[in-house]
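Trainee: Chains as they are written, first to last, in my numbering: chain A, 1 to 661; chain B, 1 to 661; chain C, 1 to 661.
No lab work stands behind these hints: they were computed from the structure. Cβ coordinates follow ideal geometry from the N, Cα and C atoms, glycine included. All clues stand as given, with none of them false.
A few chain A residues facing chain C, derived, Cβ under 8 Å:
1) 417
2) 419
3) 420
4) 526
Pairwise CB distance ranges, derived in the manner of DEER restraints:
5) 418/A to 280/C: 18 to 26 Å
6) 418/B to 421/A: 25 to 33 Å
7) 552/C to 421/A: 52 to 60 Å
8) 168/C to 418/B: 48 to 56 Å
9) 607/B to 588/C: 45 to 53 Å
Just a sample of chain A residues kept apart from chain C, beta carbon distances all over 12 Å, derived:
10) 20
11) 124
12) 169
13) 229
14) 251
15) 390
16) 441
17) 605
18) 641
19) 660
Each chain, letter by letter, is given below.
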Amino acid sequence: MPLQLGVCDYPEQVSAEEWNVFPQQMREMGLSYVRLGEFAWSTLEPEPGKFDFTWLDNAITALQAQKLQVVLCTPTATPPAWLVEAHPEILPVDIHGNTRVFGSRRHYDFSSDVYWQESARIIEILAKRYGQHPAVVGWQTDNEYGCHDTTRSYSLAAKTKFQAWLEQKYQRIEMLNTAWGNTFWSQTYTHWQRIGLPNQTVTEANPSHLLDFYRFSSDQVVAYDKMQCEILRQHSPNRFVTHNFMLFFADFDLYKASAHLDFVSWDNYPTGMLELSGAFEQTKIDFARTGHPDYVSFNHDLFRGLKNKPFWVMEQQCGHVNWSPYNPLPAPGAVRLWTLQAMSHGANVVTYFRWQAARAAQENYHSGLLRHNGRFDRGAYEVMRLSPHLKKLSDALEAKKVCLLHDYESMWAYDMQKHHKNTSYWAQMLMYYSSLRQMGVDVDIVHPMSDLTGYQLIIAPALMIASDELADHLEHYAQQGATIVFGTRTGFRTPSGAVPAQGAPGAISRLVGITIKNFDSMRPGLNSRIEAFDQSFQTHTWNESLELLVNGVRSLGMYHDDPLYSEIAISYRAINDGGAMYIGVWGDAIIRRCLEYALFRAGLTYEELEPGLRLTRRGGLVYAQNWTRGGISLPLPPETQFVYGDSLIEPFGVAVYKDKP
Amino acid sequence: MPLQLGVCDYPEQVSAEEWNVFPQQMREMGLSYVRLGEFAWSTLEPEPGKFDFTWLDNAITALQAQKLQVVLCTPTATPPAWLVEAHPEILPVDIHGNTRVFGSRRHYDFSSDVYWQESARIIEILAKRYGQHPAVVGWQTDNEYGCHDTTRSYSLAAKTKFQAWLEQKYQRIEMLNTAWGNTFWSQTYTHWQRIGLPNQTVTEANPSHLLDFYRFSSDQVVAYDKMQCEILRQHSPNRFVTHNFMLFFADFDLYKASAHLDFVSWDNYPTGMLELSGAFEQTKIDFARTGHPDYVSFNHDLFRGLKNKPFWVMEQQCGHVNWSPYNPLPAPGAVRLWTLQAMSHGANVVTYFRWQAARAAQENYHSGLLRHNGRFDRGAYEVMRLSPHLKKLSDALEAKKVCLLHDYESMWAYDMQKHHKNTSYWAQMLMYYSSLRQMGVDVDIVHPMSDLTGYQLIIAPALMIASDELADHLEHYAQQGATIVFGTRTGFRTPSGAVPAQGAPGAISRLVGITIKNFDSMRPGLNSRIEAFDQSFQTHTWNESLELLVNGVRSLGMYHDDPLYSEIAISYRAINDGGAMYIGVWGDAIIRRCLEYALFRAGLTYEELEPGLRLTRRGGLVYAQNWTRGGISLPLPPETQFVYGDSLIEPFGVAVYKDKP
Amino acid sequence: MPLQLGVCDYPEQVSAEEWNVFPQQMREMGLSYVRLGEFAWSTLEPEPGKFDFTWLDNAITALQAQKLQVVLCTPTATPPAWLVEAHPEILPVDIHGNTRVFGSRRHYDFSSDVYWQESARIIEILAKRYGQHPAVVGWQTDNEYGCHDTTRSYSLAAKTKFQAWLEQKYQRIEMLNTAWGNTFWSQTYTHWQRIGLPNQTVTEANPSHLLDFYRFSSDQVVAYDKMQCEILRQHSPNRFVTHNFMLFFADFDLYKASAHLDFVSWDNYPTGMLELSGAFEQTKIDFARTGHPDYVSFNHDLFRGLKNKPFWVMEQQCGHVNWSPYNPLPAPGAVRLWTLQAMSHGANVVTYFRWQAARAAQENYHSGLLRHNGRFDRGAYEVMRLSPHLKKLSDALEAKKVCLLHDYESMWAYDMQKHHKNTSYWAQMLMYYSSLRQMGVDVDIVHPMSDLTGYQLIIAPALMIASDELADHLEHYAQQGATIVFGTRTGFRTPSGAVPAQGAPGAISRLVGITIKNFDSMRPGLNSRIEAFDQSFQTHTWNESLELLVNGVRSLGMYHDDPLYSEIAISYRAINDGGAMYIGVWGDAIIRRCLEYALFRAGLTYEELEPGLRLTRRGGLVYAQNWTRGGISLPLPPETQFVYGDSLIEPFGVAVYKDKP
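Chain A extracted, bound-state conformation (with noise of 0.2 Å):
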């Protein structure tokens, strides 16, 4: 199947005069989808049972004359007034108490059951009428579950689930008390209902008692898109199902959220992603108009890992937003580059947000394929220019030697105590994922527990909780010859959010062979020195110091400077072919450097790529990005095929190329 382009497209947000003309258009740029409708439904239902369709058949008969293939939304990110008048126990509560109104999107609660009786209403109306129009070829789920913090409400009904859940979880009261610990702070449940929600506490709540309530908030979510998805299917058959998820999100698990989909989408605005991000300030100046290439082809691979195939891009920046504190315009040539990286890592649709950019409401600042005045934007030319060339490339995806591994609830337990203020676990797993990708390596990045055979690498860059089970099944493939690389607060808790009796790094302790005797929060200006590979390297933030426990394990690091001196800093066991590597430092240089080593002990090459330069695999073809302002010239010999471009790569330019066997 050819990788192909989409866009997302309001036809009631314009006159039918205004919208005529746009099918047409569309058919001629090059796209094949159109996204509709997941905002309409007070359009759909003006009042209570009273349904208009007339717009949205026409915009799908309009579409189909044109050869167009149609996404359908269920519109449940946004209920009518009407329903919140009728229902005001449907609104969500925030964190400190306050009922979230009617009167912008996302006013529900996962935990409302009117609301899924409503949502199930409109959306089965909606599969029956359209669930097999020949023009509609897949749906997706509401928008952007989680979006505004919505993930997590604390109102009543969601209180009263959680006491359900966890009763189901623990069956015995004691059992709560004692994963939660809850004679620390004399927290001792004798009733489930006497439990609350850990908001609005005198101080911070207990940190079991902050994991399970996450955890059942992102059960409330799977569970409310499993009930969207099911009535979908039972009306729509051989439609695809997905859902829209958004970048470097972190309020519920996506390896649930996903399981029951047909494929994964993801949200793509890489400035505004920048922006929002951690990054160093300078960072965020040279890659203003572009995003930095690492941070968006993480999400890439994050989405492709969650069922490890390929993804769609479901919103495509291709203009400036408007939801950042500062909103760029993209570099000349960045929406270009940015569907080719997204095709390059694996996706097979990247669909444009959106058509024509809104003149009224929240978004009236955002840019769209269209200007507001209905002329071609300057992401329009790119579109147009790129889209004949898309045919020449190819949808297999490769297999990766290095893996990384992630997982939800270890993001969840490391941000809810971060004991540094500057860390989080993505910015962990950045300094990972971006030193490998500066050296060429492609990477999958997938659950801990999913099936790694293959995997010559495996990277837990920040596995914080670890469970005997876990540990069993990483061993199983370090004692088939993979080479696996531990960062720091690997295995600082339990799954039930608990510091491990043996000490960190927990079940891991026995694979690693190491375990954690001091850990070190240093604040800016504090730093440290280890001696490590004959060189020494700087490291900051954090410092662990290890202790080797068993014969084998071996140092290959240690700190040069108090409180830490001549304590060891890394390790490295060799486990039959394999082995299994410790790294207790942040700084960029050493994590280079270790990685440089597990690479080399993995059997695996990589190279050294000029600043801004980026390589992907797909297809048996090669994508050489260049990021920069600058020309780029690719060192590639003479008989190098080209699929796109040419060995000298114009700034923002991307240049592709069949790969050596």
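Assemble the complex: chain A is given as a structure, and chains B and C must be docked to it using the hints.
Mentor: For chains B and C alone, coordinates are given in the frame of chain A:
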């Protein structure tokens, strides 16, 4: 009429014995007016219906004996405890939904019917008793409407009245849905009573919803003040009515709020104004002890322009304030400098705040003309030395040749969706205003729809909202020979808050002959360059690219950098003897250069003033103000006739001389 | 009595099997005391009236078997879930009006009658059961009163009791109106029940209202603690009662709160204390691993001064903490350094927090003497090495010649109206304290109204509130030959929170012989210069100008810059053999120079210590502490007799030697 001085005094706050010496001291200092009573309700009416007027009777009599004239205030800014106890529903509600309680000031809701009744009652009693007293020459209504964020209340009363206001405005709810673009996020309404206030939404509210709520809240203040005025006029004939507005105030429409007043007055606190502004740190340090000249005079010009007539400074800082993060002593001479600056910009009376520093309650760190212990403070000596000279000054206003257009709705629309964290409507206005003042150009600041006859140069720095009516109005003056300059974001919105269908600058497009292609919100550190007037200029913060639509429009500057390389940044169109310029960039140097060009086109001259020198013209006199720590020598011909000072101006000094005819 | 060590332990948080080895380990480490039970209510009484004492009986018996002495705690800091369910009205209300719920600790309101009854019930049960147990030597009431901002509750119960407290204090409401200056913003009250709490006002509340609310809230804590003490003393005769106060704590009056205790104890966390302080970034980096010596010893001196007797450190940091933005490992030697520093300043017992690091709940990142896995952590080894040496130290206190005056009401008045964003009462105190410590001067910190006999130099850095009684008291000591030094803002307020009628320094004016003319709050970057002691000094932050009122007062320094050019900055008045100095500026160098002059006038000597060296004297011994990363060599005569260490002090080391008589 000579220019005069006054002071704010609070006889109710000190013992009669202590107060007895004040009237004579005031007269001897050269003061003419004394403002009384704006916070005296609980002293006048300690229990409902029980009054104590003795203290006020005595005070007025004693002031009259010294030939001092009294400005009496309605005491409605501070409803007494017994009123709040009897009617807690008069309390306002903040944006988070919390009721704001008794214990400071301004604890009332403009939408409370009960509070209107109670206000009318106490005002009528006071107006009847004092309205024809020979010493009482005028009234101030309430005090600083809107202070402490009190314009907008999120109460049930406000909600009900807002719904009625909307119904009155739109008549049919479909009109409101269209105006607000409510299909956007399924926000369509079918009943007025389903429309809530735009607070506590999950994410930002619809900007059109906000804009109408801001208009409604503004109208509530205006109507409340009109009610006060009508009662006063009925019972106190031949006395003026004014209100003391606040500097850089943004929450209600001052053109509407001043329409029914006899003249405008405002409260001038230069040092705190600068400290709370968005000025650079170094500017805050350099002008810490005087405030910035242009920030202060911008307000003078704005308040003069509200009714296009002389105004009062009702509260003039005469020592340090207490409400800023840092509260330095004013420079020696600052009180004189501020007083003469005010008069040069159109103040007929400057009234100092306050006579004696308060020893108790919230403002006990604030200074007065008298120290806490009753001795003269530093400012008092400056006033004593200055007051004899005022009779040499003239109260005539000079007609200006240059005006700046300003309207509150454009400000609301601009600031509610900044699209760049560091911009603001005031910042954009001041960039233009300060350039002109550095060139010695006197300007009026007027409403865009006012009569602009006589202005050779009309500058619209930030006319965000543009209607066809406004475009017709401005075109009229361009046809008649005026040069009109527009800044960024002109016409970005229609009066309903939507983007114009033809794109920006909307209705203004046909006047300037261009359309905006792209706008670019640049983060700090991300700059751009343009070529204009044979020079290269750096731009920052905000770029727009222009497309020329008609013959005769030409480019004055082009971008030199990606992403807008070769796009047009500045345009000029000759229209009869006048013209229309569009400046699509931010940057002090380029805006200064464009204004030089516009002054030249308009046939006006300007000069290059020494840093920190400001010249203002009134009544045939030039007021030369030295805002620096060093002396300034004015390069004037020897025959120059000085009314005050001479050509060598001491630090923070003022010289006044006869203008060349 | 020898100086001794102890530890805080939680037998209820680990299994009996795990805990069994602890008592012997504790004894072998050289510990004498074990604190138990402050969070154990829900373990002791899992359901109302159902008790489980077995675990505690066993623990005490096991500790007793190792000759360890037990400090038992009342468990009232953590009411159980069943109590909150039965009586939700015991929950406190925060300043925003939100109820603070169950789920962490300190979730009770000091004004709740029900909570007093429940507290009395559980304390009586525990005191009866354990109060005469031979191993139980004393009690700690509750835990860290006021932690997490819990002194002040804005509940209905607090409001009702506050109204009664006010009526009790003022008797007639006119007295309250006068004291608070309620005419100011029409705040006059005619009924006690109309007086609200000073939260949720439109803008800031009346500072006199705040001051009385702070006093009331403080009194509530004191009364609650007294109630606890009385029950304990009744049922547990011949045992001490103490409470563990917090460092730099500001919310209630510790002089009143410690009056009924046998001795004071406090919780010493040097690294987190520095990180959360207002110290410069570079200071935070330099002392990140030890905390700053003067911040720590300031607290020691303050807590010793509360009752002018030896104290306990009830919780001593012995590894990293978990509650600071950054939580570094302590330097090697830091635990020893802190322990000996505490003892040198008057601690008789230092009790480490905690025995084993908690594996569950909120503090699972906090360290203990034992790691999470039960092995000795770094601090344990320091304790083991140190404990045998303690018997060589003496518990006698040295009489000091210099004292600093400190009172909580001055701090409240200072900090509730800073008038300069970056100032604080503690910052002003520490500017004086740290100067003295850098000169090797030992000081007492005492209440201004305490017996000051014997002090040759009395320093009042920030005596904001001054009464006539206080002025008489201080004048007495000046007459008798003491030198008294006053800092800025002295006597700025009367006890009712008003400015004195004669201006500042109010009642102190007649003692120092000056009055304050102006005060100048200077923003960062705005400085001033004075000429003093034939040198020029920079001042910053705060200037005051003085007027000399009587013969014999002379200027020690004058401003050299506008706006205070030629005004007096510092004054000195000789009184008999003593004198009174007023220092009207901020600035490390000038304050240091003034203190040198004052020490000289008082006939006292001082020395210039090497940076990072601190000397403290106790029991005839000098404790020389090295707070730096480098060695320090003490220039001592060869005959010096060392009790611990020698004249070459290692990094973070301590030497103890016999003082010259």
